[in-house]
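Can you build the whole structure from these sequences, using the hints too?
Protein sequence lines correspond, in order, to chains H, U, V and P.
Going left to right, the first sequence walks through residues 1 to 342 as our numbering numbers them.
Going left to right, the second sequence walks through residues 1001 to 1342 as our numbering numbers them.
Going left to right, the third sequence walks through residues 2001 to 2342 as our numbering numbers them.
Going left to right, the fourth sequence walks through residues 3001 to 3342 as our numbering numbers them.
Since the hints were made in silico from the structure, they are not lab data.
Cβ atoms here follow ideal geometry from the backbone N, Cα and C, with glycine treated the same way.
Check the hints yourself; a few may be wrong.
[What the hints assert, rightly or not] These stretches of chain P come out as covered by chain H in the derived footprint (C-beta under 8 Å, 3 or more residues):
no.: 1; region: 3002-3008
no.: 2; region: 3085-3093
no.: 3; region: 3264-3278
[As the list claims (entries may be wrong)] Cross-link-like lysine-lysine pairs, in silico, DSBU-like; alpha carbons within 35 Å at most:
no.: 4; chain 1: U; residue 1: LYS1074; chain 2: H; residue 2: LYS219
no.: 5; chain 1: H; residue 1: LYS133; chain 2: U; residue 2: LYS1299
no.: 6; chain 1: H; residue 1: LYS162; chain 2: H; residue 2: LYS149
[Unchecked claim] Calculated from the model, a selection of chain P residues having no Cβ within reach of chain H, i.e. all distances over 10 Å:
no.: 7; residue: ARG3050
no.: 8; residue: ALA3104
no.: 9; residue: LEU3160
no.: 10; residue: LYS3162
no.: 11; residue: SER3257
no.: 12; residue: THR3339
There are 4 protein chains.
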Amino acid sequence: MYSFNNDYSEGAHPKILEAVTRTNLDQNGGYGIDGHCAHAREMIRQEIGRQDADVHFIVGGTQTNLITIGTALKPWQAVICVAQGHINVHETGAIEATGHKVLAMPGKDGKLTPDDIIQALQHHADEHMVQPKMVYISNSTEIGTQYSKTELEEIHSLCLEKNLYLFLDGARLGSALTSAVNDLTVKDIAALTDFFYIGGTKAGALFGEALIISHPDLKPDFRFMMKQRGALLAKGWLLGIQFEELFTDNLYYELASHANAMADILRKGIDDCGYSFASPSFTNQLFPIFPESVIEKLKEEFIFSIQEKGTDGHLVIRLVTSWATREDECRHFLSVLKTCSM
Amino acid sequence: MYSFNNDYSEGAHPKILEAVTRTNLDQNGGYGIDGHCAHAREMIRQEIGRQDADVHFIVGGTQTNLITIGTALKPWQAVICVAQGHINVHETGAIEATGHKVLAMPGKDGKLTPDDIIQALQHHADEHMVQPKMVYISNSTEIGTQYSKTELEEIHSLCLEKNLYLFLDGARLGSALTSAVNDLTVKDIAALTDFFYIGGTKAGALFGEALIISHPDLKPDFRFMMKQRGALLAKGWLLGIQFEELFTDNLYYELASHANAMADILRKGIDDCGYSFASPSFTNQLFPIFPESVIEKLKEEFIFSIQEKGTDGHLVIRLVTSWATREDECRHFLSVLKTCSM
Amino acid sequence: MYSFNNDYSEGAHPKILEAVTRTNLDQNGGYGIDGHCAHAREMIRQEIGRQDADVHFIVGGTQTNLITIGTALKPWQAVICVAQGHINVHETGAIEATGHKVLAMPGKDGKLTPDDIIQALQHHADEHMVQPKMVYISNSTEIGTQYSKTELEEIHSLCLEKNLYLFLDGARLGSALTSAVNDLTVKDIAALTDFFYIGGTKAGALFGEALIISHPDLKPDFRFMMKQRGALLAKGWLLGIQFEELFTDNLYYELASHANAMADILRKGIDDCGYSFASPSFTNQLFPIFPESVIEKLKEEFIFSIQEKGTDGHLVIRLVTSWATREDECRHFLSVLKTCSM
Amino acid sequence: MYSFNNDYSEGAHPKILEAVTRTNLDQNGGYGIDGHCAHAREMIRQEIGRQDADVHFIVGGTQTNLITIGTALKPWQAVICVAQGHINVHETGAIEATGHKVLAMPGKDGKLTPDDIIQALQHHADEHMVQPKMVYISNSTEIGTQYSKTELEEIHSLCLEKNLYLFLDGARLGSALTSAVNDLTVKDIAALTDFFYIGGTKAGALFGEALIISHPDLKPDFRFMMKQRGALLAKGWLLGIQFEELFTDNLYYELASHANAMADILRKGIDDCGYSFASPSFTNQLFPIFPESVIEKLKEEFIFSIQEKGTDGHLVIRLVTSWATREDECRHFLSVLKTCSM
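Structure follows, in structure tokens:
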């Protein structure tokens, strides 16, 4: 059984494992105070074009989200996101567990719109309601779509005007930035957000997210919050080493491009078979709509998740590719699909 | 300017103030351990027909909600309510501040339906999502509607089947139980919920809500949670005395009936003028839809709140009556309305 | 049985009840936005000599403490207090429930010393430990002692130097300010703290504490936090009216002076009988040490609490006087004491 | 500069890295639902002699502590530990951030005593104080000492009698179980606690702690809490693989024995030089007391931390050995010590 279930089914790109192995017996300072982390921070500042940014390495995405949001907001403040937002649905209430309401808005194609933000502000007018203070977006989004430069600029301007923080969840940022329809650079992202992160877990690392803090409000004492939430990894240099490798010779982008290329093969093949998609994705997550009978056949050879029930016995499934996805398995998927579609 | 802004614009029914004054120099035990509270608890158990219930007196509704929900839920559990639910909109994230997500469902006429509950359960399937464990409803609701006995029985059965707690916010319970279309008794409420409260603040007391706990899970150590959240009133007998008065000679129901009678006058008069309402309320909150020009005129003599913008220059306002509302002012409101509607 | 158990065993001073009754049917705005609260705020600003201060009225002390501390501290910050501090012992973990550690220091005579603060800072040096950011003191203290002007000035200077907030719990401030050994004024308190409150509950009100915020950090949006924690009383003017009365014709100080005078009678009488005290109190709480046999006798006629076991069959008890304590009962207590001491 | 600063200065034992590398391109289920984790769980159940136990793998110790304690306690409950306890001092208030008070008791030699527990219970008598419900101990302790079987049995009996959970932090359990003065087995630990964990981070793994839950109260839905706190590692099999290796051929105990052997060399050498220790440790943490002049010399060649100031210009330092500590460096340390002690 080959798995298209997610983009974290395999370990790390070999270069990363080699670097971890090569340095294994070196002694390093703990908790992210070491030469590898310092170097990786500098590489990332260079890459994003912001020497003023603070960079922190955190093991996982939920941790990163809850620490960032929990630090930024005062007790009565809330974060605005789209209904499908990872923090709204798939983090078991991690944000609420820090005491903050998540204001879920309808959005469009899985993306938050300026109008969503305006609506959220208008509906929260006084001290009997939470005070919206942050906007959370994901790029690529939870349904594989992505923000254009214009869209991000509009949200950024609105956040500036309304005195809202803008936080971008980049768990799948590489896939967004290397997709066929992308017009954003990581420098744009860094310029247009207050905080964002570059996901490593889904991009070829064993684990790890690089959080970039540009806004001065969150910089002081951020490591206190990391420690309190159990997010200062004792052997923190393991995170530094991985990001050193990811940002050497464009490995990060190459791996994301591979994931997108594999998704392209699947998307075109599915399209050729006459099936449609539940969302217009050009990144590494696809949401094709198949009849149940077809899905039953595919399940005999492939692992993937069922997203939701459609109409007329159709279901939406999710296919995810990664840096490690094999082209032959994509081709095989399509041949099985063709067979059972005939 | 006469206010229809809410049902807590005046102090307390004179009988209550007299009782407070009469006992003023008596010495009582603190924090709700006193004879008045004990007596009021016994009166309420009698009234609701449950000798097994625990009764606690708490100063306000938001406190009561956050303490009850915060005690009942484990850290990863969530409470289901209708989108307009007081805990979802008007408590400044008090529930989230206890760490719990509020799952807001669309509902119908401001009331949660069994289908809402089933939807919420279906969308929360595993440990990546919060675990729904409680249903919160208000009676009367935030838009003045109320549950029928059949509706409450259906929700109760579903909660039993799905192992969900059922909590009823009775901040305006009196108005619901004495409305023209009601078919529930307070004994029904007590039989069909795990916890509910009888609101005093909006029913003629200076302040105070009587929380009834029928489900054994919440009984042990509940006073610890009350104290921790600042809800053990030092001079707790003040709460006991007020509920003693409210449940002597049916004062509680009489006061609620008066509020409903005043609302009836307004509703019929508004209806006679040809205006419609945003929600089908037979309780003490009315939501008529008026043209902006009419509202401007009304505002010269009355205080009320604007709820939302309708279409075509119309707005929905909220009119609230109480135990203290004067009939002559209701009549005067209607006469002004008639004048400016001509 | 006459109670010396606490200073909240009776209702309110008659002037307060009369004012509540007189205004009972007036319509007021809710949640503390009304003319009485506005007037009371102005009276208090005048009294404390700070026109720049914000004043909020909150029903009880635990609420006031948790809201103030919970608003002032970032998630990883802690509050320093003396081991006996009310927030450390008698609020069921209310501060920890807002997420913050209470750093309890030994103190001297129930009072925090500059050395305690320096010790706490020295032991919390990096991000693996909480960050002390606030100092909490009570005046009078939990064991009846009180700060001198020099002591408060020293703590204030140290807090300024170390960038710590200074918060004074004034649940029994009146008793401290009118005691025989006091050299502080309320203006001093206002000048030397960042936030403090003037307790009403233990000073002749039905309930209520007046929180004064001088430091600009806590001023914005403070009402959001109050609402979230259930501390915006619906009929908020009840708080305003009570403080209007307390600060008319020095009633607040008169009532506190009475409580102290009653304690003086008890203290001198106990001293005359040859008993000693566990703490050097000149306020309305006394902690005499009696043999168990004497306590058994006293318990037949009086209510009081046992604080701790001493040595040799002696126990420390607590006697509390209030604005309502009757002189004849103090005299009677002493005569019983004399009898059973012979 | 050679570091004795901690036991997490190097990567992982080579067998662990090899296993991670060997399986790198295998596809695995996410979040700990995979064959390696299942196998490692089974191996641990076998090792500890409890087939009924649940086993969860978590990246770090602070996470493990906060999740376990946060799950076990109701909002008003508290955990008792010794003053030096990791949760009390070195986790930046992580437990308080879950809402719970840590009740720090004096203990003896860094160990909690039955008398500490009894004292804590006696001082928390009613709902105005937190309710102690859990005992937290570390073995080995934060100052290198360890519990004897008798000591653990006494605490266990007392917890049973008083209805308290007993939680053992085993971040350095291997070092305790293989020390010269140990008389406990891991089966004893499993039999005498409700929850405990076997630390991997300080025992030769890249990261990871294996939490064992024996008490049925914490078993249901524990993964919800893990996810909410960001502790479900996406590539969870990395944890499983590491514990598979640690519990193959007694690697876990061998590595801990090596750390202890290196500490023995240091301890004996320091003792031979005539220096004393601040705590009687036979595990991998030593706390020798040196004159400042000696420390200055040692700092030229070694990295270690200064724990506290002693008297007469002496300081307590901490030396930590690990599975990776080199014997030649221990010898070198002693030769430098000898030189500068002459």
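List of violated hint numbers, smallest to largest: 3
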